Amino acid sequence: MSDDILVLVEHRAGTVLDPTFELLGRARALAAETGGQAIAVVLGSGVDPLVATLGAADRVIAVDDPAFAEFSPSSYQAALVPIVRDRSPRLVLVANTGPGMDVASGLSAATGLALAAYATGVALEGGAPVVTCQLYAGKIDARVRFADGRGIATVVAGSFPVESGMAAGSPPVERLGPPATDGRIRFKALLAPEAGDVDITRETVLVSVGRGVGEQENLELVEELATALGGAVSVSRPLADAGWLPRSRQVGKSGLKVKPRLYLALGISGAPEHLEGMRGADLIIAVNTDPRAPIFSVAHYGAVADLLDVAQALTRRLAG
Amino acid sequence: MQRELPVIKVDGVTELEHAVVEGVDISGHWNRMFTQRSITEYPTEAMDWITGLEGGESLRNCYQCGKCVPVCPVNHVGDYGPRKLNAKVIRGNRLIDDPDLWLCTTCGNCYRVCPKEVNPIQFMPAIREQAVLEGNIPDELSDVFRNLQRTGNPMGESPRKRADWIAGAGVEIPVISQLDRPVDVLWYVSDYTSYHPRGQDAARAMARVLTALGVDFAILGPEERSDGDSARLAGETGLFELLAEQNIKAFSRYEFKRLVVMDPHAYNAFRNRYPALGWEGEVLHYTQFLAPLVDGMRFLSRVELDVTYHDPCYLGRNNGEYDAPRRLLEAIPGIRLAEMPHNRANGYCCGGGGGGMWLDGTVAGHVSERLSERRVREAVATVGTDGTGVLSVACPYEPSRFEDAVKSTGNDGRLVVRDIIELLDQAMQPPAA
Amino acid sequence: MEFIVLLKQVPDLAEELEIDADGTDLARDWLSYVTSEWDEYALEEALQLRDQAGGSVTCLALDTGSVDELLATCLARGADRVVKVGSFERQPASHVAAAAFAAALRDMPHHLVLTGVQAIDDLDGQVGPLVATLLDLPHVSVVTHIAVGPDGRTATVHQEYAGGVVAELEVDLPATLGVQTSRETPRYAPVSRVRQLMKTMEVGSVEVSADGGAGLVIEAMSVPEVSATAEMIAGSPDAIAERIAAILAERGIGKAAVR
Ligand SMILES: Cc1cc2nc3c(=O)[nH]c(=O)nc-3n(C[C@H](O)[C@H](O)[C@H](O)COP(=O)(O)OP(=O)(O)OC[C@H]3O[C@@H](n4cnc5c(N)ncnc54)[C@H](O)[C@@H]3O)c2cc1C
Ligand code: SF4
Ligand code: SF4
Chain A
1 MSDDILVLVE HRAGTVLDPT FELLGRARAL AAETGGQAIA VVLGSGVDPL VATLGAADRV
61 IAVDDPAFAE FSPSSYQAAL VPIVRDRSPR LVLVANTGPG MDVASGLSAA TGLALAAYAT
121 GVALEGGAPV VTCQLYAGKI DARVRFADGR GIATVVAGSF PVESGMAAGS PPVERLGPPA
181 TDGRIRFKAL LAPEAGDVDI TRETVLVSVG RGVGEQENLE LVEELATALG GAVSVSRPLA
241 DAGWLPRSRQ VGKSGLKVKP RLYLALGISG APEHLEGMRG ADLIIAVNTD PRAPIFSVAH
301 YGAVADLLDV AQALTRRLAG
Chain D
1 MQRELPVIKV DGVTELEHAV VEGVDISGHW NRMFTQRSIT EYPTEAMDWI TGLEGGESLR
61 NCYQCGKCVP VCPVNHVGDY GPRKLNAKVI RGNRLIDDPD LWLCTTCGNC YRVCPKEVNP
121 IQFMPAIREQ AVLEGNIPDE LSDVFRNLQR TGNPMGESPR KRADWIAGAG VEIPVISQLD
181 RPVDVLWYVS DYTSYHPRGQ DAARAMARVL TALGVDFAIL GPEERSDGDS ARLAGETGLF
241 ELLAEQNIKA FSRYEFKRLV VMDPHAYNAF RNRYPALGWE GEVLHYTQFL APLVDGMRFL
301 SRVELDVTYH DPCYLGRNNG EYDAPRRLLE AIPGIRLAEM PHNRANGYCC GGGGGGMWLD
361 GTVAGHVSER LSERRVREAV ATVGTDGTGV LSVACPYEPS RFEDAVKSTG NDGRLVVRDI
421 IELLDQAMQP PAA
Chain Y
1 MEFIVLLKQV PDLAEELEID ADGTDLARDW LSYVTSEWDE YALEEALQLR DQAGGSVTCL
61 ALDTGSVDEL LATCLARGAD RVVKVGSFER QPASHVAAAA FAAALRDMPH HLVLTGVQAI
121 DDLDGQVGPL VATLLDLPHV SVVTHIAVGP DGRTATVHQE YAGGVVAELE VDLPATLGVQ
181 TSRETPRYAP VSRVRQLMKT MEVGSVEVSA DGGAGLVIEA MSVPEVSATA EMIAGSPDAI
241 AERIAAILAE RGIGKAAVR
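Protein chains in written order, with this note's numbering: chain A, 1 to 320; chain D, 1 to 433; chain Y, 1 to 259.
Just chain A, with the same shape it has in the complex (with noise of 0.2 Å):
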């Protein structure tokens, strides 16, 4: 049994992702409390790059093999389990990615450990994890202990600051060895997006524009935007029925369900039929001229304002 706070590195291409540093820094700040260690655990192959970014654990876990090049659900839990029994930590945390969940559920199942998820808060009482999970959607917070004491934890992206976690540091590498394998599952090939016309649902960032927009020429200014925010640009549906932008980035009920992280309306009237398709977005910020427009009922931030007028100066913002 013991204090620490474990956290398993997620890592892609060689580069440690963002999920595992915000993990990083809540697990300083807990381990800080318990007066355990923040350790993270490492499997990969050639692991010594991405320990180098490990600064903010005050011990990192490594397994260094060939077997590891790639991600594996099977591999990473047959290593896993073990590093987990021996070290009977308070807390193990996950990011709620694809291979976290491969990795939690599996790994609670086989060490009897209870498993918070979809969780974004983490705290300590009495010295025990209390959780606060997202429940249905999000429409329900659910702040939850383990019955013993100790669990895990799969994190929601975002729940952290990620800078949290990127302390300089050299903490003490414990290499393992040699790891527990399981090849039933083979790593084949990483796939990128494929190129061509945007796949809207995918967008984290969308700007999206109504027939507040007036003209077709005035899109460029909206594309300019959307490029100037790493998003792409949605329609309602007046402008994909006039064919300026294909049916394919239309928004709505006759249209794609989008779930950006940014939704960016731009004189769109909010129309049921709209909303049907966006209101789901994480965050909604609606420039409309018309105060009473229905979109500002669902956005989190509203202007009442020309949509050209705020387009450039916001492009010109984040430009400058």
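No lab work stands behind these hints: they were computed from the structure.
Just so we're clear, the structure is a prediction, and the values are computed from it rather than from any experiment.
Idealized CB from N, CA, C, for every residue including glycine.
Keep in mind that a hint or two might mislead.
Estimated spans, in silico, between C-beta atoms of each pair [as the list claims (entries may be wrong)]:
(1) A:Ala242 x Y:Arg106: 52 to 62 Å
(2) A:Gly177 x Y:Gly252: 33 to 43 Å
(3) A:Lys257 x D:Pro70: 38 to 48 Å
Below are the SDA-like pairs computed for lysine to any residue, each with C-alpha atoms no more than 25 Å apart in a straight line [stated by the list, open to error]:
(4) A:Lys139 x D:Asn147
(5) A:Lys257 x D:Lys249
(6) D:Lys161 x Y:His158
(7) D:Lys249 x Y:Ser32
(8) A:Lys139 x Y:Pro224
(9) A:Lys259 x Y:Tyr161
(10) A:Lys259 x Y:Tyr33
(11) A:Lys259 x Y:His158
Partner residues aside, some chain Y positions facing chain A, computed with beta carbon under 10 Å [unchecked claim]:
(12) Thr133
(13) Val166
(14) Gly178
(15) Leu197
(16) Met201
(17) Glu242
(18) Leu248
Put chains D and Y with the ligands on the given structure of chain A with help from the hints.
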């Protein structure tokens, strides 16, 4: 040409041995008479299959006279009509995976003129039902079916919120489960009236008008479910029956004299379909209920507007009520009523019937413009020339469809869309200061 | 090939969720239930795979007393068999569900076990990897593409990562997969057919003894605050742009954050 002349057969082809016409010998291969083409060369399976379906029978009766084609609203914006459907079927097309299956709005205008009583209102749902059973169903439509099944309304909104529109009506609207006594009128509010913002405007207006008239009424509130008629016409008979069971259960729980409905599709279902499913009673469209009461209406404002009226297919042509809405409009002081060229029995469909409400994307690829857009142009030409036009309606599908069409045809500012009940309500309020 | 699909019902989010008097659970009186969205994808994939590779699809759901419609819907979509597992008052925690499914599967031939990658009420983790571990099967989550190898001994699957990147993985069968999406929209189950099946279908059942729990103590549930109306930004276009830029920076949204 004389029939008794000797005929010979060469290589299976029949021709005259000697053909002489007005002294000119035209014997030769070019005058060969080919054997008569027989209708039995057409595959009959598709037609047999469709006429074997309950409701599919009449499609065979078509004799290709073509009367239906010019009156079909879809033909105005595309290439359609029962005649063309019949022609496809006799060539072996079961229509099951033909886009034509989803274009008919079951508006009934072709049936009105067809000498052979070919009836798409019957055969379309019958064929569509088979398509649905075979899994051949546009995604946008199956989404709506799922919503109807889950929540009892096409939008997938919470059934508990069905009466949320009550807030803001400014009058008390009793929910029958809380009244504990019989009422004169059970007001069936319907889907779009309950949930769509523009429909809710009409619902609130209706509540005010009923209250002003001292009508003893109540609504079902969260117990109300979609009438499901458009789902039935779009091929989902089972879903229609499921919803009907739920509504009939609710109807039977309470005592009321008559059912007054806002939605012509609900009117059609309750009047023509529910009896076979076990519920029978007096059903009135709200215009029918209110028209006899006009003398008791106290109009406090003049509504100086040029108004035309769009006959909903399922109130007008398919259920024969043309006068009640017009009587209400004529009673409103100030209104100048003008008819569009397509009116009454020849009214032009808004495109929303028969599931069309939920097939916009599917239909879009096969028509040059939406029916609602065409209808709006007609309304603008009738009453919208000096910017004071009103397209009045009596079906909750229409405000959203027509208002969208007003925008997309560039007629913002020329025409507004109002339910008749909204105009009545406006006239019964004191003039705006 | 024997395809198994594990399904469950979850509260319909069309309803506004409320918390019960204890403050530790949903107020369930008014809830209606629907099949978990991702389980529907799993079923669709299973049906597609069966139609390609041959075999049969068996759908399993825990018997909570109200799964007949779910199972009839599975049959209406084309499943070959449906089975109720155990006997529960209501949908139990994922660990308990997984133990029950694993117990049922021990006596049931299975090559590919598909389930939704997650469900909206998976407080104690996803059922797929729990079942896999209990049965010692390999498991892949967030699967967006499945192809069964010609010899039926392996499957090639895509696991989806953020930003549209996917990993292609080869899995030895039998295996379990957590399905993220199906190649086609889950097919519509006509109500006419479901209603008929409710009367005529044969439902298998498996007794299992399921005990244990999630090992979690729920201290409180709450409905997160969401402001009904937007916070309005006033000022000149430049001032508005400035404020929007600040909001985005705060949340790490925008090009700078996409590293
Ligand atoms: C069956 C059906 C299905 C439908 N499906 C869809 C769908 O999938 N997707 C969809 O989007 N719609 C759909 N619609 C259409 C929908 O009802 C609306 O008509 C449509 O969404 C309106 O688009 P809009 O907001 O761009 O246009 P409008 O409603 O015309 O709104 C334009 C807005 O721009 C504002 N504006 C004008 N000028 C400026 C300016 N200079 N700066 C800032 N703001 C300005 C105006 O105030 C107004 O609010 C559907 C309709 C029906 C009936
Ligand atoms: S009017 Fe009737 S008979 Fe004439 S072509 Fe049309 S469907 Fe056929
Ligand atoms: S019912 Fe109406 S839409 Fe259908 S074919 Fe006849 S005229 Fe055309």
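We went through each hint and held it up to the structure:
no.: 1; hint: A:Ala242 x Y:Arg106: 52 to 62 Å; verdict: 59 Å, holds
no.: 2; hint: A:Gly177 x Y:Gly252: 33 to 43 Å; verdict: 37 Å, holds
no.: 3; hint: A:Lys257 x D:Pro70: 38 to 48 Å; verdict: 40 Å, holds
no.: 4; hint: A:Lys139 x D:Asn147; verdict: 20 Å, holds
no.: 5; hint: A:Lys257 x D:Lys249; verdict: 35 Å, violated
no.: 6; hint: D:Lys161 x Y:His158; verdict: 41 Å, violated
no.: 7; hint: D:Lys249 x Y:Ser32; verdict: 18 Å, holds
no.: 8; hint: A:Lys139 x Y:Pro224; verdict: 7 Å, holds
no.: 9; hint: A:Lys259 x Y:Tyr161; verdict: 16 Å, holds
no.: 10; hint: A:Lys259 x Y:Tyr33; verdict: 23 Å, holds
no.: 11; hint: A:Lys259 x Y:His158; verdict: 22 Å, holds
no.: 12; hint: Thr133; verdict: 4 Å, holds
no.: 13; hint: Val166; verdict: 5 Å, holds
no.: 14; hint: Gly178; verdict: 7 Å, holds
no.: 15; hint: Leu197; verdict: 30 Å, violated
no.: 16; hint: Met201; verdict: 30 Å, violated
no.: 17; hint: Glu242; verdict: 6 Å, holds
no.: 18; hint: Leu248; verdict: 7 Å, holds
Violation of the numbered hints given earlier is confined to hints 5, 6, 15 and 16; the remaining hints are satisfied by the structure.
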